[in-house]
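Let the sequences and hints guide you as you build the complete structure.
In the order they appear, the protein sequences are chains A and B. With the first letter of the first sequence counted as 1, position 141 gets the number 141 in our numbering; the numbers rise by one all the way through. With the first letter of the second sequence counted as 1, position 172 gets the number 172 in our numbering; the numbers rise by one all the way through.
By construction, these hints were calculated from the structure, which means they are not laboratory data. These numbers come from a predicted model, not from an experiment. Be aware that a few hints might be false.
Since the list can't tell identical chains apart, any single copy or any two copies may satisfy a pair.
As the list claims (entries may be wrong) - For lysine-lysine, the following DSSO-like pairs were computed, each having C-alpha atoms within a straight-line distance of at most 27 Å:
1) K212 <-> K90
2) K90 <-> K218
3) K42 <-> K159
4) K42 <-> K212
5) K90 <-> K181
6) K181 <-> K159
7) K212 <-> K181
8) K181 <-> K218
9) K90 <-> K159
10) K212 <-> K159
2 protein chains.
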Amino acid sequence: MKKTDRPLILVTNDDGIFAPGIQHLAQEMAAFGDVLVVAPDKPQSAMGHAITIHNFLRLRQVEFADGIAAYSCSGTPVDCVKLAVYHIIKGRPSLLVSGINHGSNLSINVLYSGTMSAAVEGALEGIPSIGFSLMEYGIDASFAHTLPVVRSVTANVLKHGLRQGCCLNVNIPPAACGPLKGIHVCRQAPGHWADAVETRRDPAGHEYHWLKGEFLAKDQAEDTDVWATGNGFASVVPVQFDMTAHHELQHIATWDHAL
Amino acid sequence: MKKTDRPLILVTNDDGIFAPGIQHLAQEMAAFGDVLVVAPDKPQSAMGHAITIHNFLRLRQVEFADGIAAYSCSGTPVDCVKLAVYHIIKGRPSLLVSGINHGSNLSINVLYSGTMSAAVEGALEGIPSIGFSLMEYGIDASFAHTLPVVRSVTANVLKHGLRQGCCLNVNIPPAACGPLKGIHVCRQAPGHWADAVETRRDPAGHEYHWLKGEFLAKDQAEDTDVWATGNGFASVVPVQFDMTAHHELQHIATWDHAL
Chain A
1 MKKTDRPLIL VTNDDGIFAP GIQHLAQEMA AFGDVLVVAP DKPQSAMGHA ITIHNFLRLR
61 QVEFADGIAA YSCSGTPVDC VKLAVYHIIK GRPSLLVSGI NHGSNLSINV LYSGTMSAAV
121 EGALEGIPSI GFSLMEYGID ASFAHTLPVV RSVTANVLKH GLRQGCCLNV NIPPAACGPL
181 KGIHVCRQAP GHWADAVETR RDPAGHEYHW LKGEFLAKDQ AEDTDVWATG NGFASVVPVQ
241 FDMTAHHELQ HIATWDHAL
Chain B
1 MKKTDRPLIL VTNDDGIFAP GIQHLAQEMA AFGDVLVVAP DKPQSAMGHA ITIHNFLRLR
61 QVEFADGIAA YSCSGTPVDC VKLAVYHIIK GRPSLLVSGI NHGSNLSINV LYSGTMSAAV
121 EGALEGIPSI GFSLMEYGID ASFAHTLPVV RSVTANVLKH GLRQGCCLNV NIPPAACGPL
181 KGIHVCRQAP GHWADAVETR RDPAGHEYHW LKGEFLAKDQ AEDTDVWATG NGFASVVPVQ
241 FDMTAHHELQ HIATWDHAL
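Have a look at this one:
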């Protein structure tokens, strides 16, 4: 890696290295430091915190906008972070940004999201990390209104740092919702996918199944990301990875655990 | 699904439907209720909370030990839960158990683990859910000493229930560590993978990469799962899925968030 006095910023995503969102994000980062893109060679949405352990990984140096150094990776978003840190950089970047995702990562979707899992992996590695998502799926979505949010949150993280074990989940409403009212720091809303399965038959008559579903927020209090983005704000949720249900420890310890 | 007065117990895993661990688990569950196995048709270790959204899924009814109803699924462990709930059962089972995993799921490995992600998905669905892991990878690992733990925790969950949004992560030391001293209810230890990348060249001279690494627990206090299993106990960690870093909300809200 090129060594300069500027911070090294690792950029990844889950929509794949050719998605418009990551091009916007990498180009914005160039104002803050030296940029390295390591991103999946194909869409890896909803891959969660998956890593590749039963197969090998390929890395390929690719052309990227503005001559930014970039590698495509055959694995998941978390694989990209691991290969960047342990093989390409051989050290920790100053910042990791993931996205800009094409689609929302509000509420419990932090669990399914490859974009956010890359940011969580960054936090596990002790790297200040941010995941950015635009709440619009289309390949032709407009990102212009997201860029001031990206700049503001990035500048804050470079200035203030992030506590060890904490990363940020930033969601931005679509341009069609009108000018942003600001940034709202908030918690992950409780929510749930009301799923459905659509069953079809292939030409040979065998059944196959598509998952589909509708996301339902259970709580839209004003301190949640669902409320914020539904009311014209970009949401910033600090995310940590201790999944212990601390409030249940005492109760469960009272059970009879004799073997 | 067969309708009886007995609880319906959904069994899944991430090692695949032909792994010995899931056979032991399903056979134990038959003492508690009617058992349905829906598990991946191939190993899906380290798939985290991945779901399949860019491809369809196949389900196939398969022969299983003791005539237990069983389906293999072409997707991830979380896909298995979704297909079981929304397509096969068309409702919620009384209990979901995942495992018995061949290998540890202590500490932050709850994030990477397909076994635990299936249990977390169960909790998201409002199903009392438990993930069981034997801390030994071998296909020929001995499971006999794990079964009293499986029975004890299962009986407790059926008796006491689990609070909405909480599931259990149970890890059991290998038989070689000697008789279990008991069950320890504890928190997820902080930890980290010190990863490495091994690069090789294929016959055509092109590089490929294998992820490998060593897990390092950062904190081995007596109230952690790493301490418990390192000291002869099976660990039970209650797990929840609010990843908000609540303790950081106030601090981050003080930043200048002007756009």
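These are the hints, each one checked on the structure:
| no. | hint | result |
| --- | --- | --- |
| 1 | K212 <-> K90 | between (40 Å within a copy, 14 Å between copies) |
| 2 | K90 <-> K218 | between (43 Å within a copy, 21 Å between copies) |
| 3 | K42 <-> K159 | neither (33 Å within a copy, 46 Å between copies) |
| 4 | K42 <-> K212 | both (21 Å within a copy, 23 Å between copies) |
| 5 | K90 <-> K181 | neither (41 Å within a copy, 42 Å between copies) |
| 6 | K181 <-> K159 | within (23 Å within a copy, 49 Å between copies) |
| 7 | K212 <-> K181 | neither (32 Å within a copy, 46 Å between copies) |
| 8 | K181 <-> K218 | within (24 Å within a copy, 42 Å between copies) |
| 9 | K90 <-> K159 | within (24 Å within a copy, 51 Å between copies) |
| 10 | K212 <-> K159 | neither (41 Å within a copy, 34 Å between copies) |
Consistency with the previously given hints fails for numbers 3, 5, 7, 10, ordered from lowest to highest.
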